[in-house]
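Peer 1: Listed below, chain by chain, are the residues.
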Amino acid sequence: MHTLTLSELAKKLRAKEFSVTELTKSLLARIEESQPTLNAFVTVTAESALAQAKVAEASLASGNAGPLTGLPLAHKDIFCTKGIKTSCGSKMLDNFVSPYDATVVEKLNAAGMVTLGKTNMDEFAMGSSNETSYYGPVKNPWDVKLVPGGSSGGSAAAVAARIAPVATATDTGGSIRQPASLCGVTGIKPTYGRVSRYGMIAFASSLDQGGVIAQSAEDAAMVLGAMSGFDTRDSTSVDTPVPNYVESLDAPLTGLRIGLIKEFFDKGLDASVEKLIREALKVYEKLGAKLVEVKLPALPLSVPTYYVVAPAECSSNLARFDGVRYGYRAKDPRDLMDLYKRSRGEGFGAEVKRRIMTGTYVLSAGYYDAYYLKAQRVRQLINQDFKRAFGEVDVLMGPTAPDVAFGIGAKASDPIQMYLNDIYTIGANLAGVPAMSIPCGFSRELPVGLQIAGPHFAEAKLLNVAHAYQKETDWHRQIPAAFKREKLS
Amino acid sequence: MTWETVIGLEIHAQLSTKSKIFSGSPTAYGSSPNSQANLVDLAYPGVLPVLNGEAVRMAVKFGLAVDATIAPRSVFARKNYFYPDLPKGYQISQYELPVVARGHMDIVLDDGTKKRVGITRAHLEEDAGKSLHEGLPRQSGIDLNRAGTPLIEIVSEPDMRSAKEAVAYLKKVHTLVRYLEICDGNMQEGSFRCDANVSVRKVGAEKFGTRAEIKNINSFRFVEKAINYEVARQIDVLESGGKVVQETRLYDPDKGETRSMRSKEEANDYRYFPDPDLLPVEIDAAYVANVKATLPELPDQKAARFAAQFGLSEYDAGVLTSSKELAAYYEEVAKLLAGGREPSKEQAKLAANWVAGSLAAALNEHNLEIGESRIGAAGLAALLGRITDNTISGKIAKDVFEAMWAEGKHADAIIESKGLKQITDTGAIEKAIDDVMANNPGQLADYRSGKDKLFGFFVGQVMKATGGKANPAQLNELLKKKLAG
Amino acid sequence: MSLNRDQINSIAHLARLSLTEAEIPVYQDSLSKIVDLVGELDAAQTAGIEPMAHPLPGLAQRMRPDVVTETDQHENYQRNAPQVEAALYLVPKVIE
Chain A
817 MHTLTLSELA KKLRAKEFSV TELTKSLLAR IEESQPTLNA FVTVTAESAL
867 AQAKVAEASL ASGNAGPLTG LPLAHKDIFC TKGIKTSCGS KMLDNFVSPY
917 DATVVEKLNA AGMVTLGKTN MDEFAMGSSN ETSYYGPVKN PWDVKLVPGG
967 SSGGSAAAVA ARIAPVATAT DTGGSIRQPA SLCGVTGIKP TYGRVSRYGM
1017 IAFASSLDQG GVIAQSAEDA AMVLGAMSGF DTRDSTSVDT PVPNYVESLD
1067 APLTGLRIGL IKEFFDKGLD ASVEKLIREA LKVYEKLGAK LVEVKLPALP
1117 LSVPTYYVVA PAECSSNLAR FDGVRYGYRA KDPRDLMDLY KRSRGEGFGA
1167 EVKRRIMTGT YVLSAGYYDA YYLKAQRVRQ LINQDFKRAF GEVDVLMGPT
1217 APDVAFGIGA KASDPIQMYL NDIYTIGANL AGVPAMSIPC GFSRELPVGL
1267 QIAGPHFAEA KLLNVAHAYQ KETDWHRQIP AAFKREKLS
Chain B
4 MTWETVIGLE IHAQLSTKSK IFSGSPTAYG SSPNSQANLV DLAYPGVLPV
54 LNGEAVRMAV KFGLAVDATI APRSVFARKN YFYPDLPKGY QISQYELPVV
104 ARGHMDIVLD DGTKKRVGIT RAHLEEDAGK SLHEGLPRQS GIDLNRAGTP
154 LIEIVSEPDM RSAKEAVAYL KKVHTLVRYL EICDGNMQEG SFRCDANVSV
204 RKVGAEKFGT RAEIKNINSF RFVEKAINYE VARQIDVLES GGKVVQETRL
254 YDPDKGETRS MRSKEEANDY RYFPDPDLLP VEIDAAYVAN VKATLPELPD
304 QKAARFAAQF GLSEYDAGVL TSSKELAAYY EEVAKLLAGG REPSKEQAKL
354 AANWVAGSLA AALNEHNLEI GESRIGAAGL AALLGRITDN TISGKIAKDV
404 FEAMWAEGKH ADAIIESKGL KQITDTGAIE KAIDDVMANN PGQLADYRSG
454 KDKLFGFFVG QVMKATGGKA NPAQLNELLK KKLAG
Chain C
160 MSLNRDQINS IAHLARLSLT EAEIPVYQDS LSKIVDLVGE LDAAQTAGIE
210 PMAHPLPGLA QRMRPDVVTE TDQHENYQRN APQVEAALYL VPKVIE
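Chains as they are written, first to last, in the numbering used here: chain A, 817 to 1305; chain B, 4 to 488; chain C, 160 to 255.
Think of the hints as simulated: they come from the structure by calculation, not from any bench.
Idealized CB from N, CA, C, for every residue including glycine.
Keep in mind that a hint or two might mislead.
Here are the computed lysine-lysine pairs in the DSS-like style, where the Cα-Cα straight-line distance is at most 27 Å [what the hints assert, rightly or not]:
| id | chain 1 | residue 1 | chain 2 | residue 2 |
| --- | --- | --- | --- | --- |
| 1 | A | 1147 | C | 252 |
| 2 | B | 133 | C | 252 |
| 3 | B | 456 | B | 484 |
| 4 | A | 1147 | B | 133 |
| 5 | A | 841 | A | 870 |
| 6 | B | 398 | B | 485 |
| 7 | A | 907 | C | 252 |
| 8 | B | 118 | B | 210 |
| 9 | B | 82 | C | 252 |
| 10 | B | 258 | C | 252 |
| 11 | C | 192 | A | 1083 |
| 12 | A | 1303 | A | 828 |
| 13 | B | 133 | B | 258 |
| 14 | C | 192 | A | 1227 |
| 15 | C | 252 | B | 218 |
| 16 | A | 1300 | A | 832 |
If we take Cβ atoms under 10 Å as the criterion, some of the chain A residues that face chain C in the derived model are [unchecked claim]:
| id | residue |
| --- | --- |
| 17 | 912 |
| 18 | 1119 |
| 19 | 1120 |
| 20 | 1140 |
| 21 | 1169 |
| 22 | 1192 |
Over the 10 Å line for every Cβ pair with chain A, so calculated as not near, a few chain C residues [unchecked claim]:
| id | residue |
| --- | --- |
| 23 | 161 |
| 24 | 165 |
| 25 | 244 |
| 26 | 246 |
Okay, chain A solo, but in the shape it has when bound:
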């Protein structure tokens, strides 16, 4: 049953081919068996999962079930879960048990989904390889010597290895799409403001957005619909109705105008990846879409813009971790200053400290205008580029990442090389537009992702476009050899 998508699982649960408890137990076993090789989870919530399974069974039996009732999922450990450790991949929160549920968790609980556990991630979502986690790196299920991407590496690896049928994730600069690409799964980052940020531990507030990593666009549509929506607890949540993403999945693509971002097909893009992207585009042409080249001249500045804006916001967002009210506290502090400096110095990992320091620097007296304000102006230029492009085309397409998954440790020592992994994904965060990544083939036996972006609140269109491709191809149904069997050990 691990190879089934959510919609397939939902049908079989209703047909009583197996029960929610059987499904949950089978996945919990897979998680446990995969943990030594993949390290995809920080916490497994077996007990509460089985309790949720029982409740789901009751609602299925009584006919009160919704479309997601009884379907298991994993939450990225950045979402606060009541009564469950919420670590954000950090030593700082290793002992932190959230007293409340994030809005996303609350909504998916209410939809009857069964939480299997919390997935591993780059510390405070800062990283593109999952190597910055306090709990050790997550491995790529396609080759455990390689990184799964990040920061939602645990979620992507879990779905790729079919140890969780679907997982929540977050994306600040590509943290859903890049690991989805590297692990061969489908990931969507919705429009900024579409999914509530309440209870999602903040990295960079003006860029962070929750989303889904799933086996298919159809599965993503099901879960995204349930987790989206207006939330009075998040001032940046947008009060517009959530369309039924599943209903519009099969709309024809005839006349669809696809923009190819000229700046993305540059020398930094691996040739074999480019070839696969071009092949995917041919599938779209066959489906009736038209390809148009568009220019987004400010987009190449998205990496430097991001590395001002995101660290600036993170330096402030992470100031609350001071060892006073929760989280890690240094032993025997000499005085208040010592308490602060050592709790933070010892509780945060190297990359988090690097970003806090970068952000502190760009906001500090004398540098604010040159860096922060300048970056905000360039952000506006990038935003205008997207706006202009979406005046000409319906969606934009290109690669999600410059290359396939790289080796664990290969880029860990050079932050700039690591940052350039997100070169194609950051733009969507800066402009707040929705974007997704879908598998479009293999290079060197490793998955490659096609990125699709749309204008604000065009999630339904993106999912429709992605689903059309997945009806023509089966890249998204590929499972890494080591995880094909039901029993892993």
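On the provided structure of chain A, position chains B and C as indicated by the hints.
Peer 2: Chains B and C in isolation, oriented as in the chain A frame:
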């Protein structure tokens, strides 16, 4: 050498909202530690601020009352610094775009002249929690009940030139926020606080001197003392050839001096930037008009009306309008005295003298607010009614007032039980005059030989004989006649 | 551009981060590279461009009604606290 003092004030007024500025926690004072701090106030991971609309409305109300510009778009910014009473590691405040800008307030100086003090801005922000040091040897305890209580910080121009002016301005702002019912003004509980920026310069100099910021001045009296101390200290430093350092100083009311604050020694770099968790606050003309319609009669308007309507002096009008409750009390007394009709100038003046005089003195002596007065408006009006209907004299009325204050009885009951009713019977007064004249033949002779001054002696003697109850006007008239022979 | 030791130390102090001796040159190197990377922004023509603080321009702050929605839960919330006494969070003495 002569020095000129330059003072600007930063006033923090807690807004009287029921809930906090960014959370639904209550704002009551004096609750048990951390019982009013929710996840947002505690800065738990993942939580977000949501703005209390009432706090914005109150800030706009203040802005309109000081003739300021209400910003159509204002922005919340983060002020970043680490302190245990600041759970997020930043304070949500307003920086470049405050909600209120460019207003002013007129104060009256001792010599009666008016002075206009500019208000640079008033912005919304959240209060911090409290660090408690008592009872813990090497530690401080943090109570975050106050964290997130809405504040407006009212920043004045450096327009004040003496501690007295600063106090006059502070009092005026204090009166205003209570009129507007946006702040309870309680300085002991810290709902109304003030920091003073103080500098001195040579008379005639254009450039301001280096300023010190004095914190923790929590009473009007301390403001004056702290500023005067600081001015003297700075002049001392300058005259002995030193330089004033720009720094934050703490006022110590026990020692009556200011001292440098160690914790604020290092140069602050607050790294302000727009808070990405909050969007710009947009206020349109309709909103402003709506708030404007709810503004009460303001202190200056009320004082002007009292002067015009009741013929009061500017001074009396100012005193009687120093609080909304006092003004209402006064108006009630005057109206009741006039039997519910528009009071005459005399009635209004009589009421004013008593409310601003005996009553104010009694309240002051017992440290009571007007709302806690032991004599209500109706009681005082009844007493004054006995003066105007000649039942008692003004002098006897003072005794009756004291008895009313002490015993809580109606004026008439006291007049009755103590037999204080004025003697208006001509025969009785004449009898008393005759007796006095008969008993003081020498003085009578002297008076009649031209010593007019002795008239007072006879008035006194007759008053004494009647227990002070003779109607003074009648007594005067009859005595003059009799003495003339 | 390269950042010197003192700059790294003062940034770390402002951010309240203790750094080991070994960490200082590492951050000196990587922060210098990052500063070079973000220095690419200099080339952008941004005269007259409005800074963008938020990805959904045109939206204004919503206002919540002034209603108390919270009750005392300090015991629950203090379960995560490293050191508490008499419902107060404890820190080394604050000197004013």
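Peer 1: Which constraints among the numbered hints does this structure fail? Numbers only, ascending.
Peer 2: Hint check: nothing fails, all pass.
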